[in-house]
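Student: Chains as they are written, first to last, in our numbering: chain U, 1 to 332; chain G, 1001 to 1332.
Treat the hints loosely; a few may be bogus.
Claimed, not checked - Some chain U residues well away from chain G (every beta-carbon gap over 12 Å; in silico):
id, residue
1, 39
2, 156
3, 231
4, 261
Unchecked claim - When the alpha-carbon atoms are kept at most 30 Å apart in a straight line, the in silico DSSO-like pairs for lysine-lysine are as follows:
id, chain 1, residue 1, chain 2, residue 2
5, U, 145, G, 1291
6, G, 1145, U, 261
7, U, 291, G, 1145
8, U, 145, G, 1188
9, U, 188, G, 1145
Hints listed in this document are in silico derivations from the structure and should not be mistaken for laboratory results. Glycine included, each C-beta is placed from N, C-alpha and C at the ideal position.
Protein chains: 2
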Amino acid sequence: MRAHENQICRRRTRAMTTITVPQVVPSPVEDAEALMKAFQGWGTDEQAVIYILAHRDAAQRKLIRQAYEEKYNELLTDRLQSELSGDLQTAMGYWVLDPTERQAVIANAATKCIDEEYPVIVEIACANSPAELLEVKQAYHAIYKRSLEEDVAAGATGNLRNLLVALVSTYRYDGDEVNGGLARSEAKIIQADVKNGVTADHGELIRVLGTRSRAQLGATFNCFRDEHGTTVTKALLHGSDPTGYARVLRTAARCIADTDKYFAKVLRNAMHKSGTDEESLLRVVVMHAEKDLRAIKDEFHRRASVALEQAIAKETSGDFKTFIMALVGTSQ
Amino acid sequence: MRAHENQICRRRTRAMTTITVPQVVPSPVEDAEALMKAFQGWGTDEQAVIYILAHRDAAQRKLIRQAYEEKYNELLTDRLQSELSGDLQTAMGYWVLDPTERQAVIANAATKCIDEEYPVIVEIACANSPAELLEVKQAYHAIYKRSLEEDVAAGATGNLRNLLVALVSTYRYDGDEVNGGLARSEAKIIQADVKNGVTADHGELIRVLGTRSRAQLGATFNCFRDEHGTTVTKALLHGSDPTGYARVLRTAARCIADTDKYFAKVLRNAMHKSGTDEESLLRVVVMHAEKDLRAIKDEFHRRASVALEQAIAKETSGDFKTFIMALVGTSQ
Chain U
1 MRAHENQICR RRTRAMTTIT VPQVVPSPVE DAEALMKAFQ GWGTDEQAVI YILAHRDAAQ
61 RKLIRQAYEE KYNELLTDRL QSELSGDLQT AMGYWVLDPT ERQAVIANAA TKCIDEEYPV
121 IVEIACANSP AELLEVKQAY HAIYKRSLEE DVAAGATGNL RNLLVALVST YRYDGDEVNG
181 GLARSEAKII QADVKNGVTA DHGELIRVLG TRSRAQLGAT FNCFRDEHGT TVTKALLHGS
241 DPTGYARVLR TAARCIADTD KYFAKVLRNA MHKSGTDEES LLRVVVMHAE KDLRAIKDEF
301 HRRASVALEQ AIAKETSGDF KTFIMALVGT SQ
Chain G
1001 MRAHENQICR RRTRAMTTIT VPQVVPSPVE DAEALMKAFQ GWGTDEQAVI YILAHRDAAQ
1061 RKLIRQAYEE KYNELLTDRL QSELSGDLQT AMGYWVLDPT ERQAVIANAA TKCIDEEYPV
1121 IVEIACANSP AELLEVKQAY HAIYKRSLEE DVAAGATGNL RNLLVALVST YRYDGDEVNG
1181 GLARSEAKII QADVKNGVTA DHGELIRVLG TRSRAQLGAT FNCFRDEHGT TVTKALLHGS
1241 DPTGYARVLR TAARCIADTD KYFAKVLRNA MHKSGTDEES LLRVVVMHAE KDLRAIKDEF
1301 HRRASVALEQ AIAKETSGDF KTFIMALVGT SQ
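Make the full structure from the sequences, and use the hints.
Tutor: Next comes the structure, spelled out in structure tokens:
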């Protein structure tokens, strides 16, 4: 079953990637040598670094890391950190990692500051397939010698903890089967908890959101909308939110209900504010470029009435702009 | 990493199995034919069925199931159900299943009656390695088109649900690393929740028990004993237990603290009562015969001052006795 799931993933990945890889790719050793050349001399040649690494897929970047380490006896990741700076340093630091390890590293950083970084935890828990989330958790074990679950659990309390821990823990069923009667009864359960307000015990709502399959939750959300004339997300907007639990709940509901729409919204918010939120921008682009960024771009275009690359071009500058534009699929 | 974990599992399995397989094993087709012969004629030849199936390992039984189905165009599992009866029917029904599927089937039955069958859920969650539990959950998806998590969550409420769902959900870290400072501080957390009684919110205790690695919990339990002069399990004995949560908590703590000792105790209890508890007896024997029953037998012998096979011989009779005795490793 896992092999089958992985196959579906890979198929989706190939179709949805936004990066471009040259028809004839240099050998990993040639790329490693070109990178070293870009590091040497007066100042780093950032454009050369981007020209290479933004146009290699995950498997190719892994081989380049290995070739670089063998040839120069230092980690490419370390050298990049010392050669680059600012947002480019952060973005490239994440980009060169193995995609699964990258998510583990980003999740770990978020567990240290869940109040602010909760969207990262929610995205990793809800936008990955169950098989992908499992791989992230396995990478987390290997790197940190702890579980993602225990680090998330230790960083929050109350409803907030119960929700986040359920989201990262559950190995959800990934099939399309839907139980209509269950969807109707659980839409009522959600409504009851929503009505009680976010300071009440949300055990039932968290149970539903935290354990049901994505297909089942889609059916439940539809029943809710049919019954109440509004979406679960909008129904969750009312009332005070002293612990920050309600915004996490909304984030999770939106990410589960429509992942592409959710990420399109994160990108719009990142570029709507006075001053671009580079961190959210680079997180979404770096984490999704090789996965589903094409669909997110389409959704962004539909909703923002401007192409993602145009929006990014307006909001970013310098080497960071070059890099991010390369990942979203338009060369400057 | 998974391959490595599986390797450790397999090593442990080979050393700990209590079943005996003949040096020269008939082909799966020959075994299937011998089974059909045992089914035909006046009444089933139960001894012949046991003689074959109790002395084949999981891989061999799988091949026999396949050969039987190909040759006779019916499921061996179905035929066994119609040919056998009573405890032998139940025990053999579980035994012929693939070990991982068997756990999924047993877990599913338990989710329908968690108040009574909670030990089954606890055992599957806590006595398996994280990799083994994951395999059970994957088998559960495949058979029931749902997750184990959602079925457990739907069958309980309050502290009881939070605990059981945490136990079945978390993909625990499986390494030996222990954080001593954390063990000391979390021993205090456990003590605080124990002191508050089982009707209080046990969020912290459930977080610790539900997410930390087995090694870390071992260290925490040791700190607790050093500090309070009693074990966590014994400290949990006091106070009323209106929801049945406390007994589940104790079961989980005992199963995590010392799995062999826990199962030895389940077997002693199964044979201590007026009238043997055949269901618990066959569950432990069938589920552990090919895994760790040798260690459980040793522990039983130490604590009961009688060998497990002697105790079972005294408490059982007929074909069921023959079968269970074959699985625990002594021929009659």
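Student: Look at each hint and say if it fits the structure.
Tutor: Checked hints:
| no. | hint | in the structure |
| --- | --- | --- |
| 1 | 39 | 33 Å, holds |
| 2 | 156 | 10 Å, violated |
| 3 | 231 | 22 Å, holds |
| 4 | 261 | 25 Å, holds |
| 5 | U:145 / G:1291 | 26 Å, holds |
| 6 | G:1145 / U:261 | 27 Å, holds |
| 7 | U:291 / G:1145 | 26 Å, holds |
| 8 | U:145 / G:1188 | 23 Å, holds |
| 9 | U:188 / G:1145 | 23 Å, holds |
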